[in-house]
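Given chain C, put chains U, B, D, F, L, V and E in place with the hints provided.
There are 8 protein chains.
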Amino acid sequence: MLKDVEITRAIVESYMKELLDSLTLDVAIVGAGPSGMVAGYYLAKGGAKVAIFEKKLSIGGGIWGGGMGFNKIVVQEEAREILDELGINYKPFREGLYVADAVEVATTLASRTVKAGVKIFNMVEVEDLVVKEGWVCGVVINWTPVKMTSLHVDPLTIEAKYVIDSTGHGAQVTQHLLKRGLIEKIPGEGAMWAEMGEKLTVENTREIYPGLYVTGMAANAVSGAPRMGPIFGGMFLSGRKAAREILKKLKE
Amino acid sequence: MLKDVEITRAIVESYMKELLDSLTLDVAIVGAGPSGMVAGYYLAKGGAKVAIFEKKLSIGGGIWGGGMGFNKIVVQEEAREILDELGINYKPFREGLYVADAVEVATTLASRTVKAGVKIFNMVEVEDLVVKEGWVCGVVINWTPVKMTSLHVDPLTIEAKYVIDSTGHGAQVTQHLLKRGLIEKIPGEGAMWAEMGEKLTVENTREIYPGLYVTGMAANAVSGAPRMGPIFGGMFLSGRKAAREILKKLKE
Amino acid sequence: MLKDVEITRAIVESYMKELLDSLTLDVAIVGAGPSGMVAGYYLAKGGAKVAIFEKKLSIGGGIWGGGMGFNKIVVQEEAREILDELGINYKPFREGLYVADAVEVATTLASRTVKAGVKIFNMVEVEDLVVKEGWVCGVVINWTPVKMTSLHVDPLTIEAKYVIDSTGHGAQVTQHLLKRGLIEKIPGEGAMWAEMGEKLTVENTREIYPGLYVTGMAANAVSGAPRMGPIFGGMFLSGRKAAREILKKLKE
Amino acid sequence: MLKDVEITRAIVESYMKELLDSLTLDVAIVGAGPSGMVAGYYLAKGGAKVAIFEKKLSIGGGIWGGGMGFNKIVVQEEAREILDELGINYKPFREGLYVADAVEVATTLASRTVKAGVKIFNMVEVEDLVVKEGWVCGVVINWTPVKMTSLHVDPLTIEAKYVIDSTGHGAQVTQHLLKRGLIEKIPGEGAMWAEMGEKLTVENTREIYPGLYVTGMAANAVSGAPRMGPIFGGMFLSGRKAAREILKKLKE
Amino acid sequence: MLKDVEITRAIVESYMKELLDSLTLDVAIVGAGPSGMVAGYYLAKGGAKVAIFEKKLSIGGGIWGGGMGFNKIVVQEEAREILDELGINYKPFREGLYVADAVEVATTLASRTVKAGVKIFNMVEVEDLVVKEGWVCGVVINWTPVKMTSLHVDPLTIEAKYVIDSTGHGAQVTQHLLKRGLIEKIPGEGAMWAEMGEKLTVENTREIYPGLYVTGMAANAVSGAPRMGPIFGGMFLSGRKAAREILKKLKE
Amino acid sequence: MLKDVEITRAIVESYMKELLDSLTLDVAIVGAGPSGMVAGYYLAKGGAKVAIFEKKLSIGGGIWGGGMGFNKIVVQEEAREILDELGINYKPFREGLYVADAVEVATTLASRTVKAGVKIFNMVEVEDLVVKEGWVCGVVINWTPVKMTSLHVDPLTIEAKYVIDSTGHGAQVTQHLLKRGLIEKIPGEGAMWAEMGEKLTVENTREIYPGLYVTGMAANAVSGAPRMGPIFGGMFLSGRKAAREILKKLKE
Amino acid sequence: MLKDVEITRAIVESYMKELLDSLTLDVAIVGAGPSGMVAGYYLAKGGAKVAIFEKKLSIGGGIWGGGMGFNKIVVQEEAREILDELGINYKPFREGLYVADAVEVATTLASRTVKAGVKIFNMVEVEDLVVKEGWVCGVVINWTPVKMTSLHVDPLTIEAKYVIDSTGHGAQVTQHLLKRGLIEKIPGEGAMWAEMGEKLTVENTREIYPGLYVTGMAANAVSGAPRMGPIFGGMFLSGRKAAREILKKLKE
Amino acid sequence: MLKDVEITRAIVESYMKELLDSLTLDVAIVGAGPSGMVAGYYLAKGGAKVAIFEKKLSIGGGIWGGGMGFNKIVVQEEAREILDELGINYKPFREGLYVADAVEVATTLASRTVKAGVKIFNMVEVEDLVVKEGWVCGVVINWTPVKMTSLHVDPLTIEAKYVIDSTGHGAQVTQHLLKRGLIEKIPGEGAMWAEMGEKLTVENTREIYPGLYVTGMAANAVSGAPRMGPIFGGMFLSGRKAAREILKKLKE
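Residue numbers (the numbering used here), protein chains in the order written: chain C, 1 to 252; chain U, 1001 to 1252; chain B, 2001 to 2252; chain D, 3001 to 3252; chain F, 4001 to 4252; chain L, 5001 to 5252; chain V, 6001 to 6252; chain E, 7001 to 7252.
Same shape as in the complex, but just chain C (with noise of 0.2 Å):
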């Protein structure tokens, strides 16, 4: 017989274990959007021990609606072997351009992130960063609804050897740095200019300050570069960029 209670203490107990297990990273990534998930995809491929902290019960993050709620999302050339790597399916434009269904393109990505051993919290807003004597070294944690309604409730800490800012154009986990005064400037995205702005988001993923690296549109907005509506490539390469980068120091 089933009792009630079981499920209760088979999810708190399954929880409790990935949570105590997770307090310690190699990277944390925030924000479960689309180069956040392909960065921690290649990560857990490379075999770093990363969890992502989205504050959304659902992943994904600008993926879903397409343009305008038209549901189609356009990919370029450059990243189609990352397509072809996620199993996900698409349709030649023309020659270099392709569309794929935005709900494959972000339950494909997110289901075969978790399958590649990346633990997502949802529901988990990043608040704060834990900086020592120049250093970012973990990231500071509270339950998402408990910020929406300015409960007075204390956050917890995960440490991580790096932190991964892909909140897209806010630079949310990099904002802290800046009310801090530790770094000067976040000029924020520049206007729409498609080609540019895929070219321009691979350039700038970088290790903004020691231990924090931006990806996305984060990293965009944290150089001011172009913004680039519902093409996603750059996105790609931008998270497969950090992830490769990132496996490297971890390994030195």
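Fair warning: there could be bad hints in the mix.
Simulated restraints, written as ranges between beta carbons of each label pair [what the hints assert, rightly or not]: (1) 152(C) with 5047(L): 17 to 27 Å; (2) 5169(L) with 3047(D): 57 to 67 Å; (3) 17(C) with 3135(D): 56 to 66 Å; (4) 179(C) with 6021(V): 48 to 58 Å; (5) 4148(F) with 2169(B): 29 to 39 Å; (6) 6021(V) with 5087(L): 20 to 30 Å; (7) 152(C) with 5224(L): 30 to 40 Å; (8) 1134(U) with 2134(B): 30 to 40 Å; (9) 3252(D) with 250(C): 54 to 64 Å; (10) 179(C) with 2133(B): 18 to 28 Å.
Treat the hints as calculated values from the structure; they're not laboratory data.
From the three backbone atoms N, C-alpha and C, an ideal C-beta is built for every residue, glycine too.
Just chains U, B, D, F, L, V and E now, kept in the frame of chain C:
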């Protein structure tokens, strides 16, 4: 060179083609929660033309949060084969009781559903039904943000041979029949009793009005059966049962 | 050296141990107001395993504000011995009528209740009951901020031999029975009449459904008896009466 | 027989055709207020391909309410010929000052603008500009209710040789340039001085950044010129001036 | 020289004259949607003294958004002659089914209605009816923003021989009769069925209480007839029918 | 017999006459608080044509609540003669310090002000100033509920030789000058210091820009002087001082 | 020298004395609108100990806004003598119909009421009644902002021989009896019919439950009689009638 | 017999006596969080006349929720003696690190503080300071719900020789000095670093302006020192340090 307007054109053309293709369906499923997506998966596998209309941007319904945000869910022995069919990992907690990661369940199920041929229209709310001479024969749709902002904008209509209400314990589709006096009562879900709820949700899965099926918690709500918390086997079995019954009728 | 992550580990491990220990209770009390805490105090003193679930962050219910924010409360002769038992100071206003400081009452009562062995889970809302074959046998809980934000997150379940509804004039726990047709009516508190209300709140303290007790203003609301304003003797006596009756049954 | 789905098909096909036809424009006008619609009217009369994007469901901007909801507006001698051109009735109040019905002005102006060949996309918000190498070359659009609900949905892009900011004293389009540091300052409208405001709104109508024109109160706001209340002659003349200048450039 | 205060004087004097002229009407129409404006147009053409009270700033009701914001609407053969009468352009979609631009329809209809002699008071809400001895003989009006802000401000009264409720499916004027027990029930609009809805909206157009007519969706709501989505022929025909019947009675 | 429409006619005609009479004033006072009403009283007594514009429905500003809702206020010796002039009762608390009933003060002051010939336009917000060639020469008004609901409705204009900002510590009228760069700074009220605040509020009462006077807390806010809580003598004396200075200038 | 704390002491001591003096009243009036203040005026003149509890900061109810914010009100011949008694100015509109300034009416009436000896407690809401053995014998009060913010703070109690419900058409005091089943029904005000409403409001002024009188629109709401808009003679006469009847009973 | 009004009289008289007794204090503490209550406890023990003003209904600040709602807190060795002094239970987690129950900590600390002689005024917000000639010499108070509802109600004033800002990281009291330019900057709390934060919070506890002390996180915020999450030893030590310093000065 990539022109911004090409991204727009690729998305609008691809989406519109799919929308126009979906104006006449075999089955319109309302709600991309666990029972709705499983129903969609088996219907598409069985050759039916099917689309899911989901009012949120993301799919997954109540799966994401596990119990109290501890993002794990529980499945009983009877539904294990569906986890295997969908390629979802799980761990035994005790004999006949399995624990799975909530994020993996939600995204893998959706990914497999879309790949099976189901079109998911997200951010689209079903605000009413088409009912002609005592037969439900379509759904009335609108953008969710239009409904959220109470803007005065007319909806559009989708034709379907069958409609599935998989909107959870609110049974939001069936409510439209109640409001018009076409059914007499929706008692609502009963108090918590997991074992009984799991069993009854499958039994209560049925055609409650010509052309309209209920699955998952909507089935229990329509029948006044107990709720069961973060255990999902009954949901999966309910979705599969509805799919099998409808496929049989479609072939008649 | 103190590591930030040790604070996290100490808190998560201590809390989870208590939560898992509390999955099966003798008595689950809902609402840490005056009658609920007094009931908890005497139950724990009597050897029962008991927890209080309180939806706010803080305990105390309606005690804090005294009358219109003038933070004093009144107690009659009959309940003076409970003030003495709990070590709460008071001053006579006239014969048989005593005035106490609202902040001292709320905090001393809670402090003594916890020290007596009662675990108080604050910021936890009881969103439903477990009811099996006509017997209330547990509570269904969730984080309050999850409920406040209407996030779609499933609850968890606590087993208990008895449940006490000490949620005040809303009788929020008993409402779940009404909604399911398990009881017929909750008339609500009557107009103000302090003397009568004080007397009836003790008389109305009883098991209104197998497994479910009502205390304090919930008892009066369920019986249509008068409200009484910032006088708390009846509340205290009601809590003690429920504790005594349940302790007797637990020993049977 | 009329099938419901035919209504859907007729609407989707007609609209999508127009949307795809409008992806590349001569002039994209933002805001269907008095100066924007007059500009659109004269541009279409002059042979340009032009669309207006209006964030509200209805057109007309500040015309509807007259002054304090007393729905009459005033026009001076200089703009009377535009009222005549559009077929709007008016009555003399004193020499050189005419009064017209606000509802008639708003609707007749819009009706004539559409009939002249201007496509008005209502409930569509311009959330950003396309800017390439110092030239405004398009607008970035989204559904207004998507913006109102802060849903995370990417926009789409429209190409245009010229963009007109006719969004009123907020100069909402020009603000995007300010935010990116492409212009230095938007002083905002000055205090009320009707006579001066009327005169300056026409003088201030100009190309303030390569590819971007300002008209009406947006022109005054960008130049710090006075506001003028419910007198609309300057608005009309400003729209006509912008149309004439752009037509000339388009022919170059 | 133009003095600011002259603008004020021109507007206040013109408006007040019209308001005082409108205190006693032949017909007071509530709601400037499609059926209300068509009724107004034909009533004014027939020589009646008529005003429309519209609670929004803009007119047009549900016309603006077409279907789901795709701003096109559909009209059937039967109502084509009214489009021709009003000078509204349309294109055939298939035999007997025509598509028109939503913005053109709304604004041209309103422009022609005002030019025909109808005074439209916008931003004015009808908050109640004047009913004397079983006869509706006027409307009770207030500024809409006063109602929106729940300020405690008394309304004013307009006398009318007939009142038309063209407020759409809410039948907001007729609700005042229901609230006072003067009519027994308002069943509300039925589920979607365009063909049937189109036909019945004309049949249901009638005097439902001495002095009060219902048109358009208000007619269907009062009779429990189906809704029909973005097809407007029935609306137009309903408005014309009400106008014809009332004109006949006024001449008796 | 009384016809409903006669009530409407009586009100509209009386009000409109007064509004048209008030389009050109000697003094426009903004804010019907203590200093504004006292200023109005003495100006009218001195023969000036004066109106007060008050954004709330009721007059009185901060008088009503006394201190923390204990509805008594305090007045010092210096202002006692104004209480006597207005017929307001008071009781001595200690030598030179008097206590009066807040409701009596607010209503008696207003009653006497209106009887002295001041027209009070309540529920009317001054949203801007008319400024011509460095001289404030009028106010820009709108219905308060229109502002509260952010409806897009143009204001109207009132001409005045002098404007008084008696809007309290927000100095809301003077803020319009700051926003346009016509004055340099509004330091805001200083921390609490009743004795100093009382003294300075009279000293700070002055013409701070050609055509604009400040009184009461607006005078202190503009000068950075202390606030003083529920003591009102300084307010009264400030209002009288402004009245006297303006009367003198009007006679020049 | 003036010390800040003296202001506090003067206010707290004066207010508390009045509050303690008002704990036992002859008559507690709820609502400082026209009928409540007139009742209070005549009761105090007749020697009764009376207080008014008003939930807003300001008094006056619906008087302030006249009709639609045109701040004039109308009074008929029958009530003219009350205007004269209170010293309120008025102008004849036509024979037997007088127009007065809304601000003057509200403030003069309140000023005279307070001077007559009535204590008005503003910002105090009556949240319930004291009812003992079928007799209303007091009111239950709380700070209005406490109620607005739904803070959990107990109320206090005032004893009164008679209570008057002068809360307007909501009859908010009488609603407490309905909620407890002590009266059977409150039909609510009828549709607009000024002449009939004026007459009936006086007839309906009566003791509807032992100890509870209704006046003004509350009297009509309780009896289902018509509303009447911005005409106030009936209100005044209703208040005087209640005062006379209660004075008679108090003397018995 | 108990009369309802006696309860009122008992509460009002007792409260008013305490309020009048508290108008002149040795120390006014703002915020009943951990450092404020510990400061109050030691000040009262040392013989000072002290009151705490707390804007919420309940005391305890950030203690209640432990970390992320897991209601346990951590204390280091250095502060263990204060737990012992207050009679709060704890368990060792590892050497020098102790875990305590959050509810027990909050309520026991408050209970002991009140018993030590501190008057806590809850639901009372300090909205400003009294500052005379460069010396903070009192606080300006108001009901919290009055502030929450933005009602226009003046505050009252409390005199104190010293004021303590223990409002947490917002340093809400010190902000009033910043707003008036009396201090130059409040850098705000730094990023998370528990060990450093614990140490610095004690060091930063000091008199930052004549008459004003800062404690706990307010001390760190004013100095730009790190935050530390749910570890409270530094808070307790900070409160004790401030108490000791002030007691010394009071005796000088």
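Checked against the structure, which of the hints given earlier come out wrong? Those not satisfied are hints 1, 10.
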